[in-house]
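> Go by the hints and put chain B onto chain A.
So the sequence lines, in the order shown, correspond to chains A and B.
Residue numbers for the first sequence follow the numbering used here, beginning at 469 and rising by one.
Residue numbers for the second sequence follow the numbering used here, beginning at 469 and rising by one.
Wrong hints could be hidden among the right ones.
To be verified - Pair ranges (Cβ atoms, derived): (1) B:N477 / A:P942: 20 to 26 Å; (2) A:R944 / B:N477: 20 to 26 Å; (3) B:M469 / A:P942: 55 to 61 Å; (4) B:H863 / A:G569: 27 to 33 Å; (5) B:E475 / A:S871: 26 to 32 Å; (6) B:D514 / A:A562: 27 to 33 Å; (7) B:E474 / A:R781: 36 to 42 Å; (8) A:S871 / B:P773: 47 to 53 Å; (9) A:T478 / B:E475: 31 to 37 Å.
Think of the hints as simulated: they come from the structure by calculation, not from any bench.
Just so it is clear, CB atoms sit at the ideal spot from N, CA and C, and this is done for glycine as well.
Protein chains: 2
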Amino acid sequence: MFTTVEETNTRTTAAHAAYEQARDIDPGTRAAWLRGIAAALEANADELVALGQEETHLDEGRLSFELKRSVFQLRLFAEEVVRGEHLDATIDHADPTWGMGPRPDIRRVSVPLGVVGVFGASNFPFAFSVMGGDSASALAAGCAVVHKIHEGHLQLALRTGAIVEEALESVGAPQGLFSTIIGRAAAECLVDHPLVKAIGFTGSTAGGRALFDRAARRSTPIPFYGELGSINPVFVTEAAWKLRRDEILAGFASSFTMGMGQFCTKPGLLFVPGYSSALTGNGDDVSDILNREVAGKPRRPLLSPRLREGFDRAVETVRAAPGVDVLLAGDDSEAPHPTILKTTADHVRKHPGILEQEMFGPAAVVVEYHPGDDLVSLAGLMVGQLTGTVHAEPHEDVSDLLSTLRERCGRLLWNAWPTGVTVSYAQHHGGPYPATTATTTSVGTAAIARFMRAVAYDSFPPSQLPAPLRDDNPWRIRRRVDGAWDSPIPEGKVSE
Amino acid sequence: MFTTVEETNTRTTAAHAAYEQARDIDPGTRAAWLRGIAAALEANADELVALGQEETHLDEGRLSFELKRSVFQLRLFAEEVVRGEHLDATIDHADPTWGMGPRPDIRRVSVPLGVVGVFGASNFPFAFSVMGGDSASALAAGCAVVHKIHEGHLQLALRTGAIVEEALESVGAPQGLFSTIIGRAAAECLVDHPLVKAIGFTGSTAGGRALFDRAARRSTPIPFYGELGSINPVFVTEAAWKLRRDEILAGFASSFTMGMGQFCTKPGLLFVPGYSSALTGNGDDVSDILNREVAGKPRRPLLSPRLREGFDRAVETVRAAPGVDVLLAGDDSEAPHPTILKTTADHVRKHPGILEQEMFGPAAVVVEYHPGDDLVSLAGLMVGQLTGTVHAEPHEDVSDLLSTLRERCGRLLWNAWPTGVTVSYAQHHGGPYPATTATTTSVGTAAIARFMRAVAYDSFPPSQLPAPLRDDNPWRIRRRVDGAWDSPIPEGKVSE
Chain A
469 MFTTVEETNT
479 RTTAAHAAYE
489 QARDIDPGTR
499 AAWLRGIAAA
509 LEANADELVA
519 LGQEETHLDE
529 GRLSFELKRS
539 VFQLRLFAEE
549 VVRGEHLDAT
559 IDHADPTWGM
569 GPRPDIRRVS
579 VPLGVVGVFG
589 ASNFPFAFSV
599 MGGDSASALA
609 AGCAVVHKIH
619 EGHLQLALRT
629 GAIVEEALES
639 VGAPQGLFST
649 IIGRAAAECL
659 VDHPLVKAIG
669 FTGSTAGGRA
679 LFDRAARRST
689 PIPFYGELGS
699 INPVFVTEAA
709 WKLRRDEILA
719 GFASSFTMGM
729 GQFCTKPGLL
739 FVPGYSSALT
749 GNGDDVSDIL
759 NREVAGKPRR
769 PLLSPRLREG
779 FDRAVETVRA
789 APGVDVLLAG
799 DDSEAPHPTI
809 LKTTADHVRK
819 HPGILEQEMF
829 GPAAVVVEYH
839 PGDDLVSLAG
849 LMVGQLTGTV
859 HAEPHEDVSD
869 LLSTLRERCG
879 RLLWNAWPTG
889 VTVSYAQHHG
899 GPYPATTATT
909 TSVGTAAIAR
919 FMRAVAYDSF
929 PPSQLPAPLR
939 DDNPWRIRRR
949 VDGAWDSPIP
959 EGKVSE
Chain B
469 MFTTVEETNT
479 RTTAAHAAYE
489 QARDIDPGTR
499 AAWLRGIAAA
509 LEANADELVA
519 LGQEETHLDE
529 GRLSFELKRS
539 VFQLRLFAEE
549 VVRGEHLDAT
559 IDHADPTWGM
569 GPRPDIRRVS
579 VPLGVVGVFG
589 ASNFPFAFSV
599 MGGDSASALA
609 AGCAVVHKIH
619 EGHLQLALRT
629 GAIVEEALES
639 VGAPQGLFST
649 IIGRAAAECL
659 VDHPLVKAIG
669 FTGSTAGGRA
679 LFDRAARRST
689 PIPFYGELGS
699 INPVFVTEAA
709 WKLRRDEILA
719 GFASSFTMGM
729 GQFCTKPGLL
739 FVPGYSSALT
749 GNGDDVSDIL
759 NREVAGKPRR
769 PLLSPRLREG
779 FDRAVETVRA
789 APGVDVLLAG
799 DDSEAPHPTI
809 LKTTADHVRK
819 HPGILEQEMF
829 GPAAVVVEYH
839 PGDDLVSLAG
849 LMVGQLTGTV
859 HAEPHEDVSD
869 LLSTLRERCG
879 RLLWNAWPTG
889 VTVSYAQHHG
899 GPYPATTATT
909 TSVGTAAIAR
919 FMRAVAYDSF
929 PPSQLPAPLR
939 DDNPWRIRRR
949 VDGAWDSPIP
959 EGKVSE
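So that you can see chain A by itself, here it is in the shape it has in the complex (with noise of 0.2 Å):
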């Protein structure tokens, strides 16, 4: 079953041979490539959500919906290879009055990388794996992919890829644009091959900084593209606690159930203010509100028996810390009850290591502080993150905290909870350090960009420039022309 050196050596080689055939084609060209992908994987949409189901305990509502966004996801990206954005492309015409010294015809365009090794998660079979982010925008910029299948959904990765294959070799891609491959030899011979330019990864804390390690050890080092771990904080001010509590207490117990809080952006953390006291400002109890709340919510298996000992262990190792009680208690059926943890502010400052670990499943920690307490303090506690949250009322000036998580996370929101990540042009997947090994997104138009570099081109006379650069714009993208942008894209452009 597993990938043999020599076998991932020859994908990869043949994944170079494709790239380069394929890296100069035409943005329509290329984005009709997307289409057919993402054509292929609607035509068999059955067939892989039914797989997806048999190995993955997730249901088909969830995968049906995940697999639309990964067709989705291709098409935008199809839109964004002909509308151009990516190549940012630039020309500085020669200017003997430029005002450090004359200075040469110089134009600017990003090109792919190369080949990319992509590893996928386990608990996005689509959206996150075989055909998910990170190889639809590797494709966008240019690029071939080898991915790394993960065993959770082995046979639903296997027919993915599959398809994928016979899709490109129907649209008339060159053959080992895309492979697959499975096995621990197989990854590490990846991430070390010399053809290979990047990697883009999604999964564990440990597994993905053993990655970027190897990465970064390479005689070349290569960029390591990594979205690692996340325990997204919820910070509830005392006014928005004061009004909203009992449906902030439904949206969080909704959003860190959902998927069985097998997602990334799951909120693991609520900041409130002490719910003994006279704020609660009614008869319901916090653990009687969270406990109706979180009963009526789907429960289902784990993705596999590996993760749930992880998410057991992780579990225990809060549960042990210094001040942490129980406020909701889970239980070892194969689907488990959600579990929900308490302790106090002043408990974390004395343990942060409270809020550094993922419990990746179903269970928050509860915070209580003090009405009065520094929530910015509290904040400053935080590592690195994909997401945080303030619920507060409009009026309140909150711009420290603001500040604060805006130093720790990659995406904060308002009102809202993190759990579904658009993809659209604004979307930022992304976070500083663990949340992510770079401070790229992984997630939206933006993503694709991480696969490309930048080349100039100085002193070249038009018949040798590459389309993008050329002054008669045949590609018909926006560029930046001394310094100014040029007239928008015409109309209809994208819209076929």
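Just chain B, lined up with the frame of chain A:
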């Protein structure tokens, strides 16, 4: 003289405090800070240039030009800050009809990383030193800078640092936003410091790689933007050689001896058709021409005795390689005569190490290829470079050669010479490892983005959004809104 670890910690902490005060300042104020530094450098130009002459052996004209370039760069970056291009502001309004399901309001903006450590280079005491490209781009990004002084021009660096600090104080920037440190222990402390979020480095491959490894090994790894070594090959086609041999040799002689060859863009390799053959087409032979051209160039001592030792050693290493002969002999004088070595394509194919040894100083290798030889495969022997140059005729199809060079180089030149790097919007001064440790540029306005990361604001009410993301666009910057670009910047905005 050396900064202690304790003092380095103090300056880094002060830099972080200054960064926190400065990070959200309006663009006009930040631009004024950059312009204040520019004006102060300009006002002290005579003193600084004189100090530079004493410490570097570089002549007044060169140093004056380099200072002018650094001042220009600060003003160009100030304009860019006001334009807001580096903010990459992107707005996706909430959209219930979005293809993958309803989209919340989500907006992205780039924010500064924090404190940046900058290592100065010896060979550009202004342009890549205290207030060179790395410092200017980090300050433009909104970061604070702790600059590690290059001891090759210690007095100049100290004086420049003092002028910069005074200038920043006089324009009201927070104290500590810029400071300098000296010595190896301080440098290592800087790279390891938890408050340091990125490193900018220009220097040797060995030194740069050691610091890159150090930055990657941190418990929280940080980006290391290192510009290391480059040989900058030049490929001359048979047609160009036939028509323009003497002009090409003259250009080569000027370029590789410019600044006594102490440029990272020095053309260190010239691939030409076998020059003993009929191709040369006239009486003078190549060594006569080069001898004549080189004889007229000014000669000066190299930057430092240590650099000179390294240069002599590197030349000796290449000279000792199999099949390498001397075309033009250097000498032992304090201001050395340039060295030109020669070898053949057959030899570099057998011993490609010849193509990887940078000789930092006035030396280069001429590589003869056989008429009809495959330039593409020769180019394929090169490792990552800052530049790659082709001398060819406009009608020639050299697309395969350009593609092969593009894989390996950050800037391609056509019938031009790589020395001289203009600071502009389209410039890219970078390239695959070992030319640099990143995919970014250290010259030009695009360098600013290295010291920023994106943050998304999800579901925020208008009153809580940062200025660049508000619908009323108070900073009047260009933004992408719902996938399209909003109207261009009002005329005259940046011309103040």
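> All hints, please: hold or fail.
Evaluation of the provided hints:
1. B:N477 / A:P942: 20 to 26 Å: violated, 55 Å
2. A:R944 / B:N477: 20 to 26 Å: At roughly 54 Å between Cβ atoms, N477 of chain B and R944 of chain A fall outside 20 to 26 Å, so the hint is violated.
3. B:M469 / A:P942: 55 to 61 Å: holds, 59 Å
4. B:H863 / A:G569: 27 to 33 Å: This hint holds: roughly 31 Å between Cβ atoms.
5. B:E475 / A:S871: 26 to 32 Å: Given a distance of about 28 Å, which is inside 26 to 32 Å, the answer is holds.
6. B:D514 / A:A562: 27 to 33 Å: holds, 32 Å
7. B:E474 / A:R781: 36 to 42 Å: holds, 41 Å
8. A:S871 / B:P773: 47 to 53 Å: At roughly 49 Å between Cβ atoms, P773 of chain B and S871 of chain A fall inside 47 to 53 Å, so the hint holds.
9. A:T478 / B:E475: 31 to 37 Å: violated, 56 Å
Checked against the numbered hints above, the structure violates hints 1, 2 and 9; every other hint is satisfied.
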